[in-house]
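Trainee: Listed here are the chains, written in short residue letters.
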Amino acid sequence: MAKKDYIGGGIFTALGIFIWALTFQFPVLDDGHPGPSLFPRVLGTLFIFFGSMVILNGWRAGRAETPALPEEEVQLNYFNPFLVIILIAAFIAFARKLGFIITGATILIILMMKLRVSPLRSSIISVALICFIYLVFSKVLRVPLPHGLLGW
Amino acid sequence: MEFLIQGIGLLLAPKTFLVICVCSLYGLFVGSIPGLSATLAASLLIPFTFFMDPVPALVSIVTMSAMAIFAGDIPAALVRIPGTPSSAAYTQDSFALTQQGKAEMVLGVDVVFSAIGGLMGAVVLMCAAPLLAEVAMNFSSFEYFWLAALGLSATVMVSRGSQVKGALAMCLGLFLSTIGVDITLGYPRFTFESVELLNGISFIPAMIGVFGVSEVMRNVMQGEMHFAVTRVQAGKIFSGTGRLFIKYKWNVLRSGALGTFIGILPGAGADIAAWLAYAVSKRGSKEPEKYGNGSIEAIVDSGTANNACLAGDWVPALVFGIPGDSITAIVIGVLFMKGLRPGPMIFEKQPEIIYAVYFAFIVANLLMIPFGYLAVKTSSQMLRVPKKILIPGILMFAITGAFAINNDVFDIGVLGLMGIIGYFMEKNGYPVAPIVLGLVLGPILEQNFMTSMIKSDWDLTLFFMRPISALLGTITVIVWLFPFFATFLEKTKKKGNGQLQ
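Heads up: the sequence lines are chains A and B, in that order.
With my numbering applied, the first sequence corresponds to residues 1 to 152, in that order.
With my numbering applied, the second sequence corresponds to residues 1 to 501, in that order.
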């Protein structure tokens, strides 16, 4: 846990310093009191304080650490969470050009196939699901979803 | 009386009643799937509430959350995995009884006592909320500042794992709430010249990201779960529950009261209510040795408390605009989205909405009996829904829901970013609920603080001059100092023990 705490605590401490640095550009109130900068500065200070505490706790835990017992073997796929983010980014990039249905169905097919659903089954389910979502949002809730290549 | 009839009328309108039924089924489905929480269900529901009138929007969350919290008991009893964290306290007992061939009795107790707990909570909500609202009419920015500070502090205090990490998560939520145009001078803060950020971080995509996308990311990492589900004869589930009610009537009363009280405390949710009720039940039981090995008394107590807590959570949310838990944080977001400002004025200006919420709790808990029966009857099918199909579907609903709010792909970016933040924070032991509470309470905290400071000409002592403000301020400071006192006392105790040895 110690290494994770160093990184986590370090990130939050750095964020606190960054917030403080940015607030120097903020204007002050007419009477000279801090206006827009007050609340962020308090938060910046709290980030530095609590971030340092996490680092300190990690250091203490590291010193007191006993050799870990061998963990039960669980099959985890560490790539899949990143794939989710890549697919969200792909939706942002292509939804306007290709349209909601094509982009959404492709994303669903890719993710289902990565989760070991057969290509045929994932294609059928994805198309059915994206059509259902399209009908709910576009026709019932009247959300203007991008049409893209299908253009209707 | 006029508003009461209006409230019931609003609730029983065909459209609203349809929403109640659909959301009940949705809550039962999500709650009974291990790994999907009631908060995730609520966050996915918001894009739909955006397009509803205020009453169906609020009622949908009430019914969905009540059903989801109950439904979490089903996989706890049948496969020893709690459907939602609120069922974790008595999962061991439920499953032990199932292994003893008493699955029907456990599920019957889950349905009936969840409904009773929910009804008790609803009665307290109906009685306490208007009284507290009258008190809150005298509140000024000083009191609201302390209430928001107390809500945030309590959230950190009760957050799972390290309180320091909980505090950092809360600060992150508060920081995100500062992005956009500031309230004192209209100065754009942390926008980095982005036009989209001028309006701040949109609450809904942020919340769907933190709860929904991070949950999807966690689930896709694990393989498919296959359960060996015990078959249940649904027809038998209610036999003997009447006898158990008579036997444990005082337990029900105690746990219902405890659960509602925990709910009223800002920041504490149904899972904490269940754990506390379990501990109190064990201490007062004549058969404490059965706890953990199949105690029906434990299930009665905890099951009553977690559902009673739900209505309690709405008390601070409606009266003060301070969320009782992460679901009511979502509710506050929905109220703002509908142009309603939670607080005592809503009791004066839109009492019919408040009455509709009260009766929604009653209707939802009464419907829990037939819907609960249905859920138990179909439990083996629900537990077999493959996650490898469900999870991609949830992701696509989350993306579409985030887009639907402003018809802007920028919100999908917020969704993804908040998903990454939520995922990595949970992975490293940081609770994520305080982020959402910080995001909701941040503007309230800052606005009331700045108003108070300008009113008092920057005199901080005025925060302790008004009686209620002083009381709330003192409680908040005690909550802040409590971890330091607790550590000091623990060290002193250890030192004393060492010297004795």
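Derived from the structure by calculation, the hints contain no laboratory data.
Here the structure is a predicted model, which means the values were calculated and not measured.
Note that beta-carbon positions come from the ideal geometry of N, C-alpha and C, so glycine has one too.
Certain hints may be false.
Calculated pairs, DSS-like style, for lysine-lysine (alpha carbon to alpha carbon, straight line, at most 30 Å) [claimed, not checked]:
# : chain 1 : residue 1 : chain 2 : residue 2
1 : B       : 427       : A       : 4
2 : B       : 338       : A       : 3
3 : B       : 388       : A       : 97
4 : B       : 387       : A       : 139
5 : A       : 139       : B       : 388
6 : B       : 491       : B       : 282
7 : A       : 139       : B       : 427
To give an idea of the chain A side of the interface with chain B (calculated C-beta under 7 Å), a few residues [said to hold, decoys possible]:
#  : residue
8  : 4
9  : 25
10 : 113
11 : 135
Trainee: Now tell me, hint by hint, if it's right for this structure.
Mentor: Each hint tested on the structure:
Note on residue 427(B) and residue 4(A): the hinted pairing holds, with a Cα-Cα distance of about 10 Å set against a maximum of 30 Å. For the suggested pair residue 338(B) and residue 3(A), the alpha carbons sit about 45 Å apart, so the restraint of at most 30 Å is broken. With a C-alpha separation of about 28 Å, the suggested pairing of residue 388(B) with residue 97(A) holds against the 30 Å cut-off. In summary, the hint linking residue 387(B) to residue 139(A) is supported, as the alpha carbons are separated by about 28 Å, within the 30 Å threshold.
Under the criterion of a C-alpha separation no larger than 30 Å, the hint pairing residue 139(A) with residue 388(B) is consistent with the structure, at around 27 Å. Restraint check for residue 491(B) and residue 282(B): satisfied, since their Cα atoms lie roughly 28 Å apart, inside the 30 Å limit. For the given pair, residue 139(A) sits about 39 Å from residue 427(B) by alpha-carbon distance, which is inconsistent with the 30 Å threshold. For residue 4(A), the interface hint holds, the least distance from its beta-carbon to any beta-carbon of chain B being 5 Å, beneath 7 Å.
Hint on residue 25(A) is violated. Least Cβ distance to chain B is approximately 10 Å, over the 7 Å limit. Look at residue 113(A): its Cβ only gets to about 10 Å from chain B, farther than 7 Å, so that hint breaks. The interface hint given for residue 135(A) is violated, since its Cβ lies 11 Å from the closest Cβ of chain B, which is over the 7 Å cut-off.
Checked against the numbered hints given earlier, the structure breaks hints 2, 7, 9, 10 and 11 and satisfies all the rest.
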